[in-house]
Amino acid sequence: AQSVTQLDSHVSVSEGTPVLLRCNYSSSYSPSLFWYVQHPNKGLQLLLKYTSAATLVKGINGFEAEFKKSETSFHLTKPSAHMSDAAEYFCVVSLTGGGNKLTFGTGTQLKVEL
Amino acid sequence: EAGVAQSPRYKIIEKRQSVAFWCNPISGHATLYWYQQILGQGPKLLIQFQNNGVVDDSQLPKDRFSAERLKGVDSTLKIQPAKLEDSAVYLCASSLEPGDANEQFFGPGTRLTVL
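So the protein lines, in turn, are chains S and W.
Sequential numbering of the first sequence, starting at 1, is according to the working numbering.
Sequential numbering of the second sequence, starting at 1, is according to the working numbering.
What the hints contain is simulated information worked out from the structure, not anything from laboratory work.
These numbers were taken from a predicted model, which means no experiment stands behind them.
One should not assume that every hint holds.
[Claimed, not checked] Straight-line distance between alpha carbons at most 27 angstroms, and here's what the computed DSSO-like set of lysine-lysine pairs gives: (1) K42/S with K78/W; (2) K44/W with K42/S; (3) K62/W with K83/W.
Sequences and hints are given; from them, build the entire structure.
Listed below in structure tokens is the structure:
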């Protein structure tokens, strides 16, 4: 079985400060890991994905995530938050060889304040 | 490139009534997914189609939910009869192929409220 745990349901940062959204995964085999973002009244959008290549993955809008097997983590970071980053973020795991079946975390709501 | 289209965007029904949602995936995408997202939770896969065949429907409550993709393009998800706990956002997604880590593109969803 595979699962992800998002450690914070809400994160609040000031504009221009770093963002850290935490995610731990559980998977018996080599997982693929993703971060999706969901803005209000919009569809989920892929930010980045890890598929057993480079452990540091760069995504859109300045986000990046590092796969750490020893810590079973895949935390999402951004050096400087922008107001437009306010949204809900989902960490997602897919089992390699599992036919692209995605298992979502419960989400982290990111708030960006002036 | 047009995205995944879903309709209606909102639906309010009484319990025990029936409801249907429609999805049109991105042109050329062979794989189509329906997800249920309950408030405060992440989306949960209900059913996955490859062309017009079902790949995975293990999480679909088959006593009341049904889905079809007859011509391998657009798809319909039906609930009959609806229960209060079916209140959720129903998301449709598509991908070019079913292979691992192929990006899934999501539609805006249909928000269902069951009273």
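We went through each hint and held it up to the structure:
1. K42/S with K78/W: holds, 22 angstroms
2. K44/W with K42/S: holds, 17 angstroms
3. K62/W with K83/W: holds, 14 angstroms
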